[in-house]
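Protein sequence lines correspond, in order, to chains A and B.
The numbers in our numbering rise by one with no breaks, and the one at position 89 of the first sequence is 89.
The numbers in our numbering rise by one with no breaks, and the one at position 13 of the second sequence is 13.
Heads up, a few of these hints could be off.
Pairs count within a copy or across copies, as identical chains cannot be separated in the list.
To be verified - Below, simulated DSSO-like cross-link-like pairs (lysine-lysine); rule was C-alpha separation at most 30 Å, straight line:
#	residue 1	residue 2
1	K187	K294
2	K338	K227
3	K294	K150
4	K292	K227
5	K31	K217
6	K338	K150
7	K308	K292
8	K292	K338
9	K31	K150
10	K217	K294
11	K283	K294
12	K217	K308
13	K54	K342
14	K187	K292
15	K227	K294
16	K150	K187
17	K308	K187
18	K227	K308
19	K292	K31
20	K187	K54
21	K217	K227
22	K338	K31
Quick caveat, the hints were computed from the structure, so don't treat them as lab data.
There are 2 protein chains.
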Amino acid sequence: MSSSPAAPAEQQRPRRPVRFGIMGCASIARKLARAMLLAPAAAVAAVGSRSEGKARHFAAENGLPPGARLHGSYEALLDDPEVDAVYLPLPTSLHVRWATAAAARGKHVLLEKPTALCAADLDAILAACEAAGVQFMDATMWMHHPRTVKMRELVADQATTGDVRVINSLFSFQADEEFLHNDIRVKPDLDALGALGDAGWYCIRAILWAVDYELPKTVIALHGPVKNQAGVLLACGATLYWANGKIATFNCSFLTNLTMDMTVVGTNGTLHITDFVIPYEEKSASFSMASKSKFAELHIGWDPLPSKHVVTTDLPQEALMVQEFSRLVQNIRDADGKPEGKWPAITRKTQVVIDAVKTSIDNDFGPVDVSS
Amino acid sequence: MSSSPAAPAEQQRPRRPVRFGIMGCASIARKLARAMLLAPAAAVAAVGSRSEGKARHFAAENGLPPGARLHGSYEALLDDPEVDAVYLPLPTSLHVRWATAAAARGKHVLLEKPTALCAADLDAILAACEAAGVQFMDATMWMHHPRTVKMRELVADQATTGDVRVINSLFSFQADEEFLHNDIRVKPDLDALGALGDAGWYCIRAILWAVDYELPKTVIALHGPVKNQAGVLLACGATLYWANGKIATFNCSFLTNLTMDMTVVGTNGTLHITDFVIPYEEKSASFSMASKSKFAELHIGWDPLPSKHVVTTDLPQEALMVQEFSRLVQNIRDADGKPEGKWPAITRKTQVVIDAVKTSIDNDFGPVDVSS
Chain A
1 MSSSPAAPAE
11 QQRPRRPVRF
21 GIMGCASIAR
31 KLARAMLLAP
41 AAAVAAVGSR
51 SEGKARHFAA
61 ENGLPPGARL
71 HGSYEALLDD
81 PEVDAVYLPL
91 PTSLHVRWAT
101 AAAARGKHVL
111 LEKPTALCAA
121 DLDAILAACE
131 AAGVQFMDAT
141 MWMHHPRTVK
151 MRELVADQAT
161 TGDVRVINSL
171 FSFQADEEFL
181 HNDIRVKPDL
191 DALGALGDAG
201 WYCIRAILWA
211 VDYELPKTVI
221 ALHGPVKNQA
231 GVLLACGATL
241 YWANGKIATF
251 NCSFLTNLTM
261 DMTVVGTNGT
271 LHITDFVIPY
281 EEKSASFSMA
291 SKSKFAELHI
301 GWDPLPSKHV
311 VTTDLPQEAL
321 MVQEFSRLVQ
331 NIRDADGKPE
341 GKWPAITRKT
351 QVVIDAVKTS
361 IDNDFGPVDV
371 SS
Chain B
1 MSSSPAAPAE
11 QQRPRRPVRF
21 GIMGCASIAR
31 KLARAMLLAP
41 AAAVAAVGSR
51 SEGKARHFAA
61 ENGLPPGARL
71 HGSYEALLDD
81 PEVDAVYLPL
91 PTSLHVRWAT
101 AAAARGKHVL
111 LEKPTALCAA
121 DLDAILAACE
131 AAGVQFMDAT
141 MWMHHPRTVK
151 MRELVADQAT
161 TGDVRVINSL
171 FSFQADEEFL
181 HNDIRVKPDL
191 DALGALGDAG
201 WYCIRAILWA
211 VDYELPKTVI
221 ALHGPVKNQA
231 GVLLACGATL
241 YWANGKIATF
251 NCSFLTNLTM
261 DMTVVGTNGT
271 LHITDFVIPY
281 EEKSASFSMA
291 SKSKFAELHI
301 GWDPLPSKHV
311 VTTDLPQEAL
321 MVQEFSRLVQ
331 NIRDADGKPE
341 GKWPAITRKT
351 QVVIDAVKTS
361 IDNDFGPVDV
371 SS
């Protein structure tokens, strides 16, 4: 939007980078700090942790610029007037408190997933962002890879894919004993959604992405979810149904080998990708697209064969996400723009489906109507 | 078995090929005729059709040897004393009648899938074969590809795959108008199981294969199956549950792009194959196996990457199936051997699951207990 030829003045004057405050030193924050260093429109201005020592350690370990301020509390980070936006990787149970606090102080919010424990909590966050006029985006990084853009183009193309009918998504990883005992994602007081909020988030986002964010009508959880002793989901799945006959199924788990599949089958084509969340390699990523697939004569082979599409990127997907978020923030900060509503809308739909899966599990795997 | 070093006399005297009678000139029979010409242990001795002209046309079109006898009825084919075994690609509704008749006349039976309209019908066929001491095998060709053998080895290996937990299978093709109006697979009087018996057969077989033929405990059909006006299934799916927590899902359809996926996720590894029923190319086929997959440092890639396994074969999978069937028949015909019970047992389990899916669809998608 801001790069349109109608804004020549803007092109001549490069905007100041967006000054990020990193709120908490979670492991994932290391990847995002790197992304902020790589994204031209972003800069790391500050780190806030529960202790200044932790913040200092994080800054040193991640090569943050010497000028980055180190705060010994989240409050102090939010009070920092030189911070435009916060990246918030805290445990999910802390999201409402700190995301709303950030918005209230005029900070734009880049929020880790799962964004909230339920859609009602997310709504409180989104309302705070809207009231403050700040940009909200969840940190679902694969959305920003140019591979995703290319796949979108092909999935949306009637001749290539046709009408999408069936979507499958799998996301699992084999958590070790340390994770299964101590990670925040298995703790009912920190990330009560467990595998559904973590791995399942990506599956549900992939499914919604594949249908261009049309919410399903009904969600039915698969039987046999696995919970730990505290009742946190370690593995589960669901089937999603749309009024027009589309069907999607996903399985997410902390208990099986690392797997990141999305398969989209349409009337005319089939998309396969097996590393959709984190590409096998950072700078070059691929997927397979088959279109109007037929058998060869006598059914002894296929003709045409599926095509492998390779998409390269100089910037990693996390940096592209930070770049896009920063561009939106610059547009608000420097050009009186309004927050982009697309991102919170997608977040909300993802969270609504998570709620429905959770409800179906709690209601003995009965069908749950999805309403936005 | 017959190639064991303990049988030197047998090795010196090559056995006579098994003399096949092809019963019906269905399109799929062309592929099998070719397989019989390619398989060293097989020979096409006769073709039987509802008219001798059709049989003659088929023989000429498919390069059958001049000595092949042409029969103008199925009865005449079964009366042919120079026929050891029949390949039976007739519509499913005719299977009980003709497969039992073949067995009763001492012919070994290679039967197209779906083998029967229900497990009770299949039991009649299997009982006739057992009473006659003839070999039974269904014509699920991909079982005989060396790629399948290689995959079995890796899926069964604890270090490579670990415990299988999740299986997904998709099989669909986009049928044209001609198929949707006239193919036997959409006719309630010929192949009443529709897409479930055709494409679904392969999905269910793949799932059973992946769990080494342990029957699921419960089957629940997916909502929203598509039927034609005559009530024949054009698309459907189901979720299968095992007592030990395994879950499998499949979708089969005549209404979406050609897709043949099997994904097997275990505690230690993940198998991906996207052309499991008919390989993209006849002589070289591949699959992907990921084992103990982890993220690279900072989660910016995977390490190790999945491995691509390529398996070549001189004989196509159909010829390997005919060869294996013929070897079993030779063992009975020439060496007083007994029929191999593994093949009818696998067939029966597949049919039992098809029954369960059908019952669940008919019972408003309720859970159906599977008992063998």
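Against the structure, the hints:
Taking the shortest Cα distances, K187 and K294 sit within 30 Å of each other only across copies (23 Å), while inside one copy they are farther apart (49 Å). In the homo-oligomer, the alpha carbons of K338 and K227 never lie at most 30 Å apart, since the shortest distance is 42 Å inside one protomer and 49 Å across protomers. Taking the shortest alpha-carbon separations for K294 and K150, both the intra-copy value of 24 Å and the inter-copy value of 26 Å come in at or below 30 Å. Proximity of K292 and K227 under a CA criterion of 30 Å is satisfied inter-copy only: 23 Å between copies versus 42 Å inside one chain copy.
With identical chains, the CA atoms of K31 and K217 are never at most 30 Å apart, being 36 Å at best within one copy and 44 Å at best between copies. Within a single copy, K338 and K150 get their C-alpha atoms as close as 27 Å, which meets the 30 Å cut-off; across copies the closest is 57 Å, which misses it. Proximity of K308 and K292 under a CA criterion of 30 Å is satisfied in both settings, with 15 Å inside one chain copy and 25 Å between copies. Within a single copy, K292 and K338 get their C-alpha atoms no closer than 42 Å, and across copies no closer than 46 Å, so neither meets the 30 Å cut-off.
In this homomeric assembly, K31 and K150 come within 30 Å of each other (Cα to Cα) only inside a single copy, at 24 Å, whereas the closest approach across copies is 38 Å. Neither within a single protomer nor between protomers do K217 and K294 lie at most 30 Å apart by alpha-carbon distance, with minima of 32 Å and 36 Å respectively. For the homomeric pair K283 and K294, the shortest alpha-carbon distance between copies (18 Å) is at most 30 Å, but the shortest distance inside one copy (33 Å) is not. When the C-alpha separation of K217 and K308 is checked against a cutoff of 30 Å, the pair qualifies neither within a copy, at 33 Å, nor between copies, at 39 Å.
In this assembly of identical chains, K54 and K342 lie within 30 Å of each other by CA distance neither inside one copy nor across copies; the values are 35 Å within and 63 Å between. Taking the closest pair of Cα atoms, K187 and K292 come within 30 Å of each other only across two copies (25 Å); inside a single copy the shortest separation is 47 Å, beyond that limit. In this assembly of identical chains, the alpha carbons of K227 and K294 lie at most 30 Å apart only when taken from different copies (23 Å versus 43 Å within one copy). Within a single copy, K150 and K187 get their C-alpha atoms no closer than 37 Å, and across copies no closer than 41 Å, so neither meets the 30 Å cut-off.
When the C-alpha separation of K308 and K187 is checked against a cutoff of 30 Å, the pair qualifies neither within a copy, at 41 Å, nor between copies, at 37 Å. When the C-alpha separation of K227 and K308 is checked against a cutoff of 30 Å, the pair qualifies neither within a copy, at 38 Å, nor between copies, at 34 Å. With identical chains, the CA atoms of K292 and K31 are at most 30 Å apart between copies only, with a shortest distance of 22 Å across copies and 40 Å within one. Taking identical chains as interchangeable, the C-alpha atoms of K187 and K54 lie at most 30 Å apart only when both belong to the same chain, with a minimum of 22 Å there against 70 Å between chains.
When the C-alpha separation of K217 and K227 is checked against a cutoff of 30 Å, the pair qualifies both within a copy, at 26 Å, and between copies, at 21 Å. In this homomeric assembly, K338 and K31 come within 30 Å of each other (Cα to Cα) only inside a single copy, at 28 Å, whereas the closest approach across copies is 64 Å.
Checked against the numbered hints listed earlier, the structure breaks hints 2, 5, 8, 10, 12, 13, 16, 17, 18; every other hint is satisfied.
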